[in-house]
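What follows is each chain in one-letter form.
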Amino acid sequence: MTATTLDDDAALSHRLRGWMLSTMAARGMTAEQWARAAGVDPTTITRFLRHPDRALPSTLTVDKLAAAADAPFVLGALSAGKRVEKAG
Amino acid sequence: MPDIAAPASPYRHLDDNLRGWMRRVMRERQWSAEHWARTAGVAGTTITRYLNATDPDAGPRRRPTSATVEKLAAAAGVPFTYSQEPAMSDADLELPDDEPEVFRLHSALGVAILALEMIADAVDGRHVMARAALNHLRRRHPVAVEHMSKSREDER
Numbered sequence: 000m001t002a003t004t005l006d007d008d009a010a011l012s013h014r015l016r017g018w019m020l021s022t023m024a025a026r027g028m029t030a031e032q033w034a035r036a037a038g039v040d041p042t043t044i045t046r047f048l049r050h051p052d053r054a055l056p057s058t059l060t061v062d063k064l065a066a067a068a069d070a071p072f073v074l075g076a077l078s079a080g081k082r083v084e085k086a087g
Numbered sequence: 000m001p002d003i004a005a006p007a008s009p010y011r012h013l014d015d016n017l018r019g020w021m022r023r024v025m026r027e028r029q030w031s032a033e034h035w036a037r038t039a040g041v042a043g044t045t046i047t048r049y050l051n052a053t054d055p056d057a058g059p060r061r062r063p064t065s066a067t068v069e070k071l072a073a074a075a076g077v078p079f080t081y082s083q084e085p086a087m088s089d090a091d092l093e094l095p096d097d098e099p100e101v102f103r104l105h106s107a108l109g110v111a112i113l114a115l116e117m118i119a120d121a122v123d124g125r126h127v128m129a130r131a132a133l134n135h136l137r138r139r140h141p142v143a144v145e146h147m148s149k150s151r152e153d154e155r
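Chains A and B supply the protein sequences, listed in that same order. The opening position of the first sequence corresponds to residue 0 in numbering that gives the first Met the number 0, with each subsequent residue numbered one higher. The opening position of the second sequence corresponds to residue 0 in numbering that gives the first Met the number 0, with each subsequent residue numbered one higher.
The following block holds chain A by itself, in its conformation from the complex:
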């Protein structure tokens, strides 16, 4: 794994954590309420919020959370376009 990959993963974790915290604040719900509404284990959220440097929640979990809160989470939004020139 390269240093760039680690940076990318850390940035994604940071962004996902920020999205979770701001969504809970905006909706006025606890992690447990959100998890229950989404049909996922509450510890999925709390564990990730405490240790965002560990494993990211699965794609399905993020999708369920986004749907339950009606709060879309966008991947590739910040870095979109950066690498396209390199590829082209």
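Treat the hints with care, since some could be wrong.
Stated by the list, open to error - Quick list of simulated restraints, FRET-style, between CB atoms:
{"hint": "1", "chain 1": "B", "residue 1": "33", "chain 2": "A", "residue 2": "57", "range": "23 to 29 Å"}
{"hint": "2", "chain 1": "A", "residue 1": "10", "chain 2": "B", "residue 2": "33", "range": "21 to 27 Å"}
{"hint": "3", "chain 1": "B", "residue 1": "40", "chain 2": "A", "residue 2": "27", "range": "36 to 42 Å"}
{"hint": "4", "chain 1": "A", "residue 1": "54", "chain 2": "B", "residue 2": "26", "range": "31 to 37 Å"}
As the list claims (entries may be wrong) - For the chain A half of the interface with chain B, some residues (derived, Cβ under 10 Å), not all of them:
{"hint": "5", "residue": "8"}
{"hint": "6", "residue": "12"}
{"hint": "7", "residue": "15"}
{"hint": "8", "residue": "51"}
{"hint": "9", "residue": "52"}
{"hint": "10", "residue": "56"}
{"hint": "11", "residue": "70"}
{"hint": "12", "residue": "75"}
For the record, the hints were derived by calculation from the structure and aren't laboratory data. Positions of the beta carbon are idealized from the N, C-alpha and C atoms, including for glycine.
Position chain B against the provided structure of chain A, taking the given hints into account.
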């Protein structure tokens, strides 16, 4: 055996979105799956294995992680959005205050809400799909649902 319909699999919703996004990106960029994967710095088979997984259980197992999708999205310059559903906002449904009848009679959403409420009522609120759909509408269109519920109450 329960006598109620099982809710649609969330796997299908996510996989449909994710696979649709991948196919659209490859079509628009005119990229092969291998080229895209290489550009993003992920394993060459990441995309093809997921797109070609026909076994319903294989799809979830081969579904890329958020970190991988992030890299694919960044490489293509096309964001992927979780929970992306075509939806109208309540602002889209806003009608003049003096024309509630127009709203009630002509809004497709209104008709859908009425139908769902009737289905839910007919089986004493036990119809899981109807209740789930209503809850979804309540979250996305609270103003419209409240309006329709009030109209029904008035009619009774």
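Status of the hints after comparison with the structure:
no.	hint	verdict
1	B:33 with A:57: 23 to 29 Å	holds, 25 Å
2	A:10 with B:33: 21 to 27 Å	holds, 26 Å
3	B:40 with A:27: 36 to 42 Å	holds, 39 Å
4	A:54 with B:26: 31 to 37 Å	holds, 33 Å
5	8	holds, 5 Å
6	12	holds, 9 Å
7	15	holds, 7 Å
8	51	violated, 12 Å
9	52	violated, 13 Å
10	56	holds, 7 Å
11	70	holds, 8 Å
12	75	holds, 2 Å
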